[in-house]
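Student: In the order they appear, the protein sequences are chains A and B.
If you read the first sequence in the numbering used here, its first letter stands for residue 447, the second for the next number, and so on.
If you read the second sequence in the numbering used here, its first letter stands for residue 447, the second for the next number, and so on.
Heads up, a few of these hints could be off.
For identical chains, the list gives no copy identity; a pair is met inside one copy or between any two copies.
[Claimed, not checked] Below are the EDC-like pairs computed for lysine to aspartate or glutamate, each with C-alpha atoms no more than 16 Å apart in a straight line: (1) Lys513 to Asp531; (2) Lys520 to Asp723; (3) Lys520 to Asp531; (4) Lys520 to Asp727; (5) Lys638 to Asp660; (6) Lys662 to Asp723; (7) Lys520 to Glu730; (8) Lys506 to Asp706; (9) Lys662 to Glu799; (10) Lys737 to Glu699; (11) Lys638 to Glu665; (12) Lys638 to Asp580; (13) Lys634 to Asp491; (14) Lys506 to Asp707; (15) Lys662 to Glu643; (16) Lys634 to Asp660.
If you're looking for bench data, these hints aren't it; they were derived computationally from the structure.
Every value quoted in this text rests on a predicted model; they were computed, and no experiment measured them.
Number of protein chains: 2
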Amino acid sequence: MAEARIPAAQLRRFVTTAMERLGMRSDHAATVAALMTEAEVQGSDGHGVIRLLPYARRIKAGGINLKPDIRVVKEKAAMALIDGDNGMGHLVMKKAAEIAIAKARQCGIAWVGARLSNHAGPASLYARMAQAQDMVGMYFAVGNANHLPPWGGLDMLLSTNPIAVAVPAGEEPPVVLDMATTVAAYGKVKAKAQRGEQMPVGWMIDRQGQPLTDPKRSEEGFLMPIGGYKGYGLALVVGILAGTLNGAAMGSETIDFNHDDVSVTNTGQAIVAIDPDAFGDLDEFKARVDKLVREMRGSARMPGVDRIWLPGEQSHAKRLDNERFGLELPAALHTQLDAFARDLGIPLLQDTE
Amino acid sequence: MAEARIPAAQLRRFVTTAMERLGMRSDHAATVAALMTEAEVQGSDGHGVIRLLPYARRIKAGGINLKPDIRVVKEKAAMALIDGDNGMGHLVMKKAAEIAIAKARQCGIAWVGARLSNHAGPASLYARMAQAQDMVGMYFAVGNANHLPPWGGLDMLLSTNPIAVAVPAGEEPPVVLDMATTVAAYGKVKAKAQRGEQMPVGWMIDRQGQPLTDPKRSEEGFLMPIGGYKGYGLALVVGILAGTLNGAAMGSETIDFNHDDVSVTNTGQAIVAIDPDAFGDLDEFKARVDKLVREMRGSARMPGVDRIWLPGEQSHAKRLDNERFGLELPAALHTQLDAFARDLGIPLLQDTE
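Using the sequences and the hints, build the whole thing.
Tutor: Set out below in structure tokens:
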């Protein structure tokens, strides 16, 4: 039986109730729920409501500060550094994005970093906050578990530190790049193992540096950074920009939040807002982006390629569909959320008003 | 017979004389020569003095403005947009870096874009100007020839748009990433062809999307972006940040400067300076970078790996060696420079005082 699609507002209210019941202030619960739901709406399902259970586990274990004093500790005209006081990352980075946008309006560009933050969902969520205000947004983060050694090494000292860039367009959907600095995410490796399929050469290497294609042996190897040593360099500098610059965890300081619900993650993130209006005329900029988008889409195609996509275009289509018809949650996730709701003593998702 | 190593100062004087003879103002000639020589000193030989001949060809053809009025056309507290007036890119981007550093000192961060610029040498040259002032430097550029289609496409609409990030360290060499957004550069493909070797899978694909490994067939295919569609996305957003935002050429507007010496390139570049002192204590930041560098270098290694390198570390070692012992120019380049000097009626490199 196909699950009924869930209106986004219903999921948002369910998550709000859950977060309140876990002890979060109502306004904070509403903010976190809205951003987790927005992640789901834009199709970032690996960073959406699937995270509710690990977040709750961490909150119950005392690994998240439910009454954080999120504050600016350093500030200049075009920058700020935020101390997240170990609160939910969504709260920290929403505040960071708001400050960056306001400062960029004044200065043309602004950069806001955070330390003592936590996982905040998909990188594009915050870059898109700038884009929604007709600015270019950039986002950098240190991941919360190390999956990569330095190039040629064996010690996992780097995470798949992501980059997002969101660019406003005119009539076209915004250009939104949201990428980890590895070829494949671990989730894709697990999916191959479940289906009994081999991985393509290039996803992973083993401890001898040879291609690893059997996903059942994934613990014997490492994810490949994109472009080999180049992706190692990117993961490193993204980590320096988002972590080291802010006094947040980086390298061996990064804990594995999949296996440790208690230690402070000291997650580092950074958001940049750039005002195209400072560089010229906003509408002319958007028209140039439209032209570029259409040029890419209109390119002659390789055999078998039906369509050329722009970064973020599939996510944009997904958002429109989800907003209109509601969210499709996998049955297994639905079952988990039901058990979670019963444990917590709150109405089930399908019973949420 | 091995060529004698050339002191950097001698090469700098030779290039200065050449540029003056080509009609450039003495101070401009000295600046361009210093930056071209610095590219050579740091081992970026593909962007160093080898470019003197194509630059000269372009200047003689009237494709470069020798009396540019390089000026700020838009400005806010933390940003500026420079019109390069089709002058040499080195002049434009040196000015851009100086403005970015001064503004970042005030605002914590600054972003300076350029349009109507030209090829300016290796990306790291300008990111390192910020790093030399104890700031983090970032540089983005639109390349001057398109080598990539959008992912799945056949029309070459994107260049290998590079990214550089330079980070000051304390006792360790600075961390300097300087990378194109493709797996391999065309120069590497040509070298494989000369040696009669095959290319590894992953460097190029043909027009059916299949791996292309015969370098003699390189004109039948395209360079692979790093991480496949991810590198396509990176090349696109770097191009938007460095080109479209500044009103510079992007997509089909990019001319192929290898085959066109006359048309205005309208090259776009951007430099970002970030002051770590605004985020906390500069010395503490540098100490954290040192710790991170040592951690990466100290990782256990794969079999056969002698050493783990940090981005920019090999270039740093090369610089120290070249500063001490002089530059090693390939004999073929030396011969070309001799012919060039005779044509121009200036002393040969080896006769330059």
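Student: For each hint, tell me whether it holds in the structure or not.
Tutor: To see whether the hints hold, each was checked on the structure:
1. Lys513 to Asp531: within (9 Å within a copy, 55 Å between copies)
2. Lys520 to Asp723: between (27 Å within a copy, 10 Å between copies)
3. Lys520 to Asp531: Only inside one copy: Lys520 and Asp531 sit 14 Å apart there, 39 Å across copies, limit 16 Å.
4. Lys520 to Asp727: between (32 Å within a copy, 11 Å between copies)
5. Lys638 to Asp660: Answer is within; shortest intra-copy Cα gap is 9 Å, inter-copy 31 Å.
6. Lys662 to Asp723: Neither, since 51 Å and 47 Å both go past 16 Å.
7. Lys520 to Glu730: between (35 Å within a copy, 15 Å between copies)
8. Lys506 to Asp706: Classified as within: same-chain Cα gap 12 Å, cross-chain 65 Å, threshold 16 Å.
9. Lys662 to Glu799: Neither, since 43 Å and 66 Å both go past 16 Å.
10. Lys737 to Glu699: Answer is between; shortest inter-copy Cα gap is 11 Å, intra-copy 45 Å.
11. Lys638 to Glu665: within (14 Å within a copy, 35 Å between copies)
12. Lys638 to Asp580: neither (39 Å within a copy, 46 Å between copies)
13. Lys634 to Asp491: within (13 Å within a copy, 40 Å between copies)
14. Lys506 to Asp707: This pair counts as within: shortest intra-copy Cα distance 9 Å, inter-copy 67 Å.
15. Lys662 to Glu643: For Lys662 and Glu643, only the intra-copy Cα distance (9 Å) is at most 16 Å; the inter-copy one is 35 Å.
16. Lys634 to Asp660: within (13 Å within a copy, 31 Å between copies)
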